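The sequence shown lines up with residues 1 to 1015 when you count with the working numbering.
Hints were generated in silico from the structure; no laboratory data involved.
Predicted model only: the values in this text are computed from it and were never measured.
A virtual CB, placed ideally from N, CA and C, is assigned to each residue, including glycine.
One should not assume that every hint holds.
Unchecked claim - Beta-carbon label-pair distances, calculated as ranges:
{"hint": "1", "residue 1": "141", "residue 2": "929", "range": "52 to 58 Å"}
{"hint": "2", "residue 1": "703", "residue 2": "313", "range": "39 to 45 Å"}
{"hint": "3", "residue 1": "834", "residue 2": "781", "range": "34 to 40 Å"}
{"hint": "4", "residue 1": "824", "residue 2": "141", "range": "40 to 46 Å"}
{"hint": "5", "residue 1": "781", "residue 2": "498", "range": "54 to 60 Å"}
{"hint": "6", "residue 1": "515", "residue 2": "839", "range": "48 to 54 Å"}
{"hint": "7", "residue 1": "759", "residue 2": "803", "range": "49 to 55 Å"}
{"hint": "8", "residue 1": "472", "residue 2": "929", "range": "50 to 56 Å"}
As the list claims (entries may be wrong) - Subject to a maximum C-alpha distance of 30 Å in a straight line, what follows is the list of computed BS3-like cross-link-like pairs (lysine-lysine):
{"hint": "9", "residue 1": "100", "residue 2": "180"}
{"hint": "10", "residue 1": "945", "residue 2": "959"}
{"hint": "11", "residue 1": "914", "residue 2": "602"}
{"hint": "12", "residue 1": "319", "residue 2": "224"}
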Amino acid sequence: MIRCPDCDTSSNQKASCRKRLQYHPNSSLPNKKPKYAASATSSDRWCETCKIYVPQSSYNGHLRTLQHKQNCCSPLEEGIGFLSSAFASRIASFRITSAKYLLSYNDFFTDVLDKCVRVIRNQIHLHDTLKINLEVFGRYVHETKHLVEIKSFNTNNKVVTRSIDLPNLLQNFFKILEAKASEFQERESGWILERVLFLEINFNKYNPLRASSYIPLPKQILFKKAVVNVRNDDHACFAWAITSALYPAQANPQRTTSYPHYSRTLDYDGIQFPMKLTDIPKFESKNHCSVNVYGTESVLKDGKWTWEIVGPLYYSPIKRRLHFNLLLLDDDLGNNHYCWIKDMSRLLSQQLSKTGHRKFLCDGCLQYFSTLPHLHRHQQHDCNHVYTSLPNGDFKMDKMGRFVPNHILKFENYQKRIKVPFVVYADFETVLRPIHTCFHDPNKTATTSTHKHQPHSFAYLMKCSFDDSLSKFRSYRGPDCANQFVTTLDRDVSDIYHRYLKIVSPMIPLTDEEIRLFSDATSCNICEEPFLDDDVKVHDHCHLTGKVRLGAAHSRCNLNYKLPNFVPVFFHNLSGYDCHLFLKEMAVNDVKFTVIAQNKEKYISFSKLLRVDTVQTETDDSTQNVFVKIRFLDSYRFMASSLDKLSDELDAHQCLQVKKYFPDPNHFQLMRRKGVFPYSYVDDVAKLDETTFPQKDDFFDKLTSLPVSDDDYKRAKTVWNTFSCSTLGEYSDIYLKTDVLLLADVFENFRQICLTTYDLDPAQYYTAPGLAWDSMLKFTRVSLQLLTDIDMLKFFQKGVRGGISQCVQRMHFANNPHIPDYNASAPTSYIMYLDATNLYGHSMSQALPISHFRWLTQAEIDELNVLSLHASSEYGYVLEVDVEYPQHLHDLHADLPFLVENIISPANVNGKVKKLIPNLMNKTKYVLHYLTLQQALHNGLRLLKVHRVIQFKQSHWLKPFIDLNTRQRNLSENKFGKSSFKLMNNSVFGKTMENVDKRVDVKLVTHWQNCGRFL
1 MIRCPDCDTS
11 SNQKASCRKR
21 LQYHPNSSLP
31 NKKPKYAASA
41 TSSDRWCETC
51 KIYVPQSSYN
61 GHLRTLQHKQ
71 NCCSPLEEGI
81 GFLSSAFASR
91 IASFRITSAK
101 YLLSYNDFFT
111 DVLDKCVRVI
121 RNQIHLHDTL
131 KINLEVFGRY
141 VHETKHLVEI
151 KSFNTNNKVV
161 TRSIDLPNLL
171 QNFFKILEAK
181 ASEFQERESG
191 WILERVLFLE
201 INFNKYNPLR
211 ASSYIPLPKQ
221 ILFKKAVVNV
231 RNDDHACFAW
241 AITSALYPAQ
251 ANPQRTTSYP
261 HYSRTLDYDG
271 IQFPMKLTDI
281 PKFESKNHCS
291 VNVYGTESVL
301 KDGKWTWEIV
311 GPLYYSPIKR
321 RLHFNLLLLD
331 DDLGNNHYCW
341 IKDMSRLLSQ
351 QLSKTGHRKF
361 LCDGCLQYFS
371 TLPHLHRHQQ
381 HDCNHVYTSL
391 PNGDFKMDKM
401 GRFVPNHILK
411 FENYQKRIKV
421 PFVVYADFET
431 VLRPIHTCFH
441 DPNKTATTST
451 HKHQPHSFAY
461 LMKCSFDDSL
471 SKFRSYRGPD
481 CANQFVTTLD
491 RDVSDIYHRY
501 LKIVSPMIPL
511 TDEEIRLFSD
521 ATSCNICEEP
531 FLDDDVKVHD
541 HCHLTGKVRL
551 GAAHSRCNLN
561 YKLPNFVPVF
571 FHNLSGYDCH
581 LFLKEMAVND
591 VKFTVIAQNK
601 EKYISFSKLL
611 RVDTVQTETD
621 DSTQNVFVKI
631 RFLDSYRFMA
641 SSLDKLSDEL
651 DAHQCLQVKK
661 YFPDPNHFQL
671 MRRKGVFPYS
681 YVDDVAKLDE
691 TTFPQKDDFF
701 DKLTSLPVSD
711 DDYKRAKTVW
721 NTFSCSTLGE
731 YSDIYLKTDV
741 LLLADVFENF
751 RQICLTTYDL
761 DPAQYYTAPG
771 LAWDSMLKFT
781 RVSLQLLTDI
791 DMLKFFQKGV
801 RGGISQCVQR
811 MHFANNPHIP
821 DYNASAPTSY
831 IMYLDATNLY
841 GHSMSQALPI
851 SHFRWLTQAE
861 IDELNVLSLH
871 ASSEYGYVLE
881 VDVEYPQHLH
891 DLHADLPFLV
901 ENIISPANVN
911 GKVKKLIPNL
921 MNKTKYVLHY
931 LTLQQALHNG
941 LRLLKVHRVI
951 QFKQSHWLKP
961 FIDLNTRQRN
971 LSENKFGKSS
981 FKLMNNSVFG
991 KTMENVDKRV
1001 DVKLVTHWQN
1011 CGRFL
């Protein structure tokens, strides 16, 4: 592979490189592999493809970057490239492009379908059976934010064999990718697809299970008499298991002689034995049946080894009338064996629940029900073939040591009242280094990178909450700043552990008043529950200062009321940008990571376990490592505004950190506002050494195409002169320091608001919705009953709506006597501005479900008079109904019809993504709240039938919290406080509407050998 040093592109042949020399006359052809540079350390590795040195700890991560993959892409034919870089040599990847400039995914997929079929067919011919997934890349623009980003969407892995229908498989893949792209544009409003770039097909090795030899059942499973295990002496145990289900034996079910030969029962022509899991779809297709396969696992429970059923290992996408549930056994020699599960309820009852009653299991989603009618109703209406874990009403031990029902939700995170002792606020500064490119053939597609972020400095403030004299500010500028950031932060965290967190300060002697308050206390100051006769009352004191903290407390509450074992590190926009600057420097082989991810690229948070100490165990002479978690968080997920706007909302007396580090009044007034920096001008670190202040034109922002204002430029020049900056690098240091201090002031003020109002520390949380939800539970002291019925959950989910999709007139010109250019001959028209304020707050202040969820019987449904119900009735209802939309209302309601629906637009018959569309059609099995139904009926729609109804107790349990924030917002004397309280109300709404089905589990691995167990 030969790389062009000027444009960062590659070619396999020198002839191709010579052609590029006409665009780079000062360049020369690369010769032999260069020797290690003098600056390279012995641990650095040379990447032959990219012609760069990479630190050993970052090398594997480098192999996964898009830039490296681009360099590894070798053209095979027009529009098909082979990516030679493979994940642990287990994945072959191909890049598919179109010669056309396409603006829709559907057009792109249609254009590249034949290429994809050829590539996959060739790989199947080489490897027989594979797992594949697709990932499509597109360039998106955000016009309001002036951003351009490359986004990608991928599919899950799918097993493919020689017999698979490749065009049909790909069409299903394409539907998934289009749906994800459409969902992204709906969720991330403002992004517009500029161009579809390319599609990558990834091939993974697949080692399917084969089953052949007879294996006896574990005794625990055997005694349940729920599984038939035929003792065959051939490789056709799968066929014998199916036969035992088709022709149940009256005696000796374990003998093959008790059944007809399997070859005379179903069509096994072309089926190879031993049966692979991947061959089951072929069997299902030939015999018009469906098969689910489960496995076994030995687990340790209550000190005893027991067998549990796991899986499904294979799950049929469509359940047919002829359905089989099989159990796949294995042994230590690697043999596998199929058996027929004749009674799923008997097999799984004890594993699913402690109650001894019979359970009826759904083969579609693996939920179980107490009666057969409940199961049938679920399969008819609500099964979506996705397993959902629900509470069952059993008792659990909460964090304070009390046994509570697991389906009751109430506040229990009392330890989050503790103010985190050390919080870090950090930021990086980067150079936007341009990447020089060649002139590409305009008739061919190509991906062009224009700039690369190169970090050159970092700064952070470690803020101590109990003694500000222990706070420290760190900064560094240099080419190895990312590595220095990780090293310095690790050292500081280890230092505060040994100096403060490790040491328990004894309690300071109590005053007479403290003694009296302790003696008179009748309730715990932590959980706020009363002291009972057998409760042990103890003093709660701060282990850092020795001072009495809350006073009297339950012993069990005090034991759980511990200092957090983590140090939060806040970046503003960590998820979208900053984490990528230093994450690779942290990914050394012995480091453990945990991640809370929104997707593969955006992390809500990630944590690093830092080993800070070792301790001797009490039971033996061994030692145990002590870890402190460094938790990286995004302050933008608490306050979704720019740092410039947030800092402008602070009053002067709120900027304590800026005041501390810039005590001079003139300096303070100059620095309490966010500055400006000529990012587009500084395209090389060498410019940081310039000794003259840049001209105003140099501050022009090429990303937003906006110039700097006169006031901002004047203030920046004043900063340069006031602090006697000798280089642009020194100005950058001051600019970075100000950003960090402003971030600290913004978040510290937010912490103080939340601690004062809700008695909770935001630094204990990951996002504003999580904080707001806990604040609400704590303030309202509400106990919410969670759903334990899967049908109810699916029923409520059907009633969830969102923002509507509609075509509206964007511009209208009024014509009336009150405007200057009134035209008397034209129709008279007016424009009225309407705006509903406090929409979230108003909705959340209504009567909401709280408990006692139940299905109404048919008799109760027949007696229910929806129009007689009041908005604040003790009981509320959600109904599934058929509604007629009378023809005579169509013109009257045409602008905004009632009862919007999630449907595929009739205007797009080939569409694949549903939209929330207002329409005038009749509604069938439409799920809605009883007040919504009342509104529709009052406006002329006709109720035809009520299918199902859920009744629940309701109350205004959320209203006190909404009123609290509204009241505090009105009392706030500055914009920052007003914005904070509005945020807390809106965040509660967002948390109630969170779709947990979309949560993802992302693992960070530090070397390829780690990854196998995660795949």
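A quick look at each hint next to the structure:
1. 141 / 929: 52 to 58 Å: violated (39 Å)
2. 703 / 313: 39 to 45 Å: Once the Cβ atoms are compared, 50 Å apart, the range 39 to 45 Å for residue 313 and residue 703 is violated.
3. 834 / 781: 34 to 40 Å: With Cβ atoms ~38 Å apart, the hint holds.
4. 824 / 141: 40 to 46 Å: holds (45 Å)
5. 781 / 498: 54 to 60 Å: Violated, at about 40 Å.
6. 515 / 839: 48 to 54 Å: holds (52 Å)
7. 759 / 803: 49 to 55 Å: violated (35 Å)
8. 472 / 929: 50 to 56 Å: holds (54 Å)
9. 100 / 180: It holds: about 23 Å lies between the C-alpha atoms, which stays within 30 Å.
10. 945 / 959: violated (34 Å)
11. 914 / 602: holds (26 Å)
12. 319 / 224: holds (26 Å)
Hint violations for this structure: numbers 1, 2, 5, 7 and 10, all remaining hints satisfied.
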